[in-house]
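*Asks:* Below, each chain spelled out in residue letters.
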Amino acid sequence: MCGIVGLFLKDTSLEPQLGDMLTDMLITMTDRGPDSAGIAIYGEETTGNAKLTVQSDTPDVDLDKLDNDLRKRIKGKVSMAIKDTHAVLSIQADQVAAAREILGEIRPGVRVMSHGSTLEIYKEVGLPKNVADRFDIRKMSGTHGIGHTRMATESAVTTMGAHPFNTGIDQCLVHNGSLSNHNSLRRKLRRLGVHIETENDTEVGAAYLTWKMQTGATLGEALTSSLDDLDGFFTFVVGTKDGFGVVRDPIACKPAVMAETDQYVAFGSEYRALVNLPGIETAKVWEPEPATVYFWSHNAAPTAQEKAA
Amino acid sequence: MQTFDLEAEGLRALNSTLHAQAANTNQTHWEIVNPKGSHAIAVGLDAPIEVNIKGSTGYYCAGMNKQATVHVHGSVGPGTAENMMSGMVVVEGDASQYAGATGHGGTLVIKGNASSRCGISMKGIDIIVHGNIGHMSAFMAQSGNLVVCGDAGEALGDSLYEARLFVRGSVKSLGADCIEKEMRPEHIALLEELLERGGCDAKASEFKRYGSARQLYNFNIDNAY
Numbered sequence: 194m195c196g197i198v199g200l201f202l203k204d205t206s207l208e209p210q211l212g213d214m215l216t217d218m219l220i221t222m223t224d225r226g227p228d229s230a231g232i233a234i235y236g237e238e239t240t241g242n243a244k245l246t247v248q249s250d251t252p253d254v255d256l257d258k259l260d261n262d263l264r265k266r267i268k269g270k271v272s273m274a275i276k277d278t279h280a281v282l283s284i285q286a287d288q289v290a291a292a293r294e295i296l297g298e299i300r301p302g303v304r305v306m307s308h309g310s311t312l313e314i315y316k317e318v319g320l321p322k323n324v325a326d327r328f329d330i331r332k333m334s335g336t337h338g339i340g341h342t343r344m345a346t347e348s349a350v351t352t353m354g355a356h357p358f359n360t361g362i363d364q365c366l367v368h369n370g371s372l373s374n375h376n377s378l379r380r381k382l383r384r385l386g387v388h389i390e391t392e393n394d395t396e397v398g399a400a401y402l403t404w405k406m407q408t409g410a411t412l413g414e415a416l417t418s419s420l421d422d423l424d425g426f427f428t429f430v431v432g433t434k435d436g437f438g439v440v441r442d443p444i445a446c447k448p449a450v451m452a453e454t455d456q457y458v459a460f461g462s463e464y465r466a467l468v469n470l471p472g473i474e475t476a477k478v479w480e481p482e483p484a485t486v487y488f489w490s491h492n493a494a495p496t497a498q499e500k501a502a
Numbered sequence: 060m061q062t063f064d065l066e067a068e069g070l071r072a073l074n075s076t077l078h079a080q081a082a083n084t085n086q087t088h089w090e091i092v093n094p095k096g097s098h099a100i101a102v103g104l105d106a107p108i109e110v111n112i113k114g115s116t117g118y119y120c121a122g123m124n125k126q127a128t129v130h131v132h133g134s135v136g137p138g139t140a141e142n143m144m145s146g147m148v149v150v151e152g153d154a155s156q157y158a159g160a161t162g163h164g165g166t167l168v169i170k171g172n173a174s175s176r177c178g179i180s181m182k183g184i185d186i187i188v189h190g191n192i193g194h195m196s197a198f199m200a201q202s203g204n205l206v207v208c209g210d211a212g213e214a215l216g217d218s219l220y221e222a223r224l225f226v227r228g229s230v231k232s233l234g235a236d237c238i239e240k241e242m243r244p245e246h247i248a249l250l251e252e253l254l255e256r257g258g259c260d261a262k263a264s265e266f267k268r269y270g271s272a273r274q275l276y277n278f279n280i281d282n283a284y
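Heads up: the protein sequence lines correspond to chains A and B, in order. Mind the numbering: the first sequence is residues 194 to 502 in the working numbering, read in order. Mind the numbering: the second sequence is residues 60 to 284 in the working numbering, read in order.
Just so you know, not all the hints are guaranteed correct.
Claimed, not checked - With a straight-line cut-off of 35 Å between C-alpha atoms, the simulated DSBU-like cross-links for lysine-lysine are: (1) B:Lys170 <-> A:Lys447; (2) B:Lys262 <-> A:Lys477; (3) A:Lys203 <-> B:Lys113; (4) B:Lys170 <-> A:Lys477; (5) B:Lys113 <-> A:Lys477; (6) B:Lys125 <-> A:Lys447; (7) A:Lys203 <-> B:Lys240; (8) B:Lys262 <-> B:Lys231; (9) A:Lys203 <-> A:Lys434; (10) B:Lys240 <-> B:Lys125.
No lab work stands behind these hints: they were computed from the structure.
With the hints as extra help, turn the sequences into a complete structure.
*Replies:* Dropping the structure here:
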């Protein structure tokens, strides 16, 4: 069992409250997943820059002067904002690959949580309330975000086993369920050269989507093919730079509720995650259909089964 | 009428108060405010009382109900009226998966749509859905009646025993051993009574009946893989 929440704002005046609203939704889902929590927030973009959100179990050592050390090596602009065990490194978009390589050399204990122009991912072990407090999620503004509360079933309770998982630039995945063919799929993907770090089932799901997209599929196509290639139970919510998508396996035993008003589209594993959203009493509330890919995007009117995300 | 604020007073206080109502209670009308999607609201009732829930509920609302009438003025989460024995549960909105599962008796009316596994393993309950139902509904249903005024999803009535299924709209697919059956006068009469009980504006003649082909009752080597 796990809990998922998602909020996609149509009304830009709500953007300063995104972190606050998502945090309340996340905390409501604590009893679906009290062992770890994570949140992906799509915030501000600086032209030409990329954000690398990194994490360390020993932040006092690893994050100390990391910006200076990185700046010297890549000979470009680097700024850093530390939040607890995480730090957001802002670097020139064309230097990301070099920066990641250098990070591995100069700070082997640092793990990259996310790479994007607007995306930041924060996740840690602990109660959702404490995780949200550590990263000051309530104060964050943004256009949309996804949160996850984890009750581990397939692998250990660790930071790297927590969700969301970064699947590509500005893309992330959260999962409620359990994949049953993750071991064979992990072996297959590793043979194809895909890097998979942990024994976690969702990381394999995320790596699968990344690999599909690297070999030419759109996110919508990758999600559609996941219905054939992944065995087990899943409700996936994926974040993209422009919005989010939802897909449930054909059995659809993992719960999902959506709500839509003129101001937002919201996702919750349960309705009670949505009860404090403005205008929920008159919102359109429904359950997403099994084996159907949905997308909501800032770039287009909301459509079901959009293929070109 | 008694009003109970669930948010202020809590679930355990609510359910123990409702459980304390005896057959001859004077407090026959209850209104629950601020349900806010909470789980297990009004479960295990056993008195002829009427409970109105003003809003939407989470998992297992009105489970194991006996005698009571529970009316939800909103939508309900998974497992509503699960294992109901008698009485009546009315949902004004939609119902999530496995509504009315394993119900032995009583009536469940869903005025919106019900999702997957509606009436799974039903054992005598009558379920009347004004809208559509999802996949695998009435799986292994043993007895009782399922009435659907809209459409049914995939694998309706898979491995069905003796429950009767009435669907007005389309059926995406029938499950193993479920077949369409003739609507005889006794079925029309039964369905008319069910439609009236469920407050449905529909004619019995517009429905088709589905039931068990009874080919899975005994072991048959041709059914083995």
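*Asks:* Could you run down the list of hints and mark each one as holding or not?
*Replies:* Each hint, compared with the structure:
About 23 Å separates the Cα atoms of Lys170 (chain B) and Lys447 (chain A), which keeps this hinted pair within 35 Å; it holds. Using a Cα cut-off of 35 Å, the hinted pair Lys262 (chain B) and Lys477 (chain A) holds, with the two alpha carbons roughly 29 Å apart. Only pairs whose Cα atoms come within 35 Å are accepted, and Lys203 (chain A) paired with Lys113 (chain B) is accepted, the gap being roughly 29 Å. Of the pairs offered as hints, the one joining Lys170 (chain B) and Lys477 (chain A) holds, with about 16 Å between alpha carbons and a cut-off of 35 Å not exceeded.
Among the hinted pairs, Lys113 (chain B) with Lys477 (chain A) is consistent with the structure: their alpha-carbon atoms are about 17 Å apart, no more than 35 Å. For the suggested pair Lys125 (chain B) and Lys447 (chain A), the alpha carbons sit about 29 Å apart, so the restraint of at most 35 Å is met. Under the criterion of a C-alpha separation no larger than 35 Å, the hint pairing Lys203 (chain A) with Lys240 (chain B) is inconsistent with the structure, at around 50 Å. Proposed proximity of Lys262 (chain B) and Lys231 (chain B) is supported: the alpha carbons are some 22 Å apart, at most 35 Å.
Proposed proximity of Lys203 (chain A) and Lys434 (chain A) is supported: the alpha carbons are some 14 Å apart, at most 35 Å. For the suggested pair Lys240 (chain B) and Lys125 (chain B), the alpha carbons sit about 32 Å apart, so the restraint of at most 35 Å is met.
Violated hint for the displayed structure: number 7, the only one.
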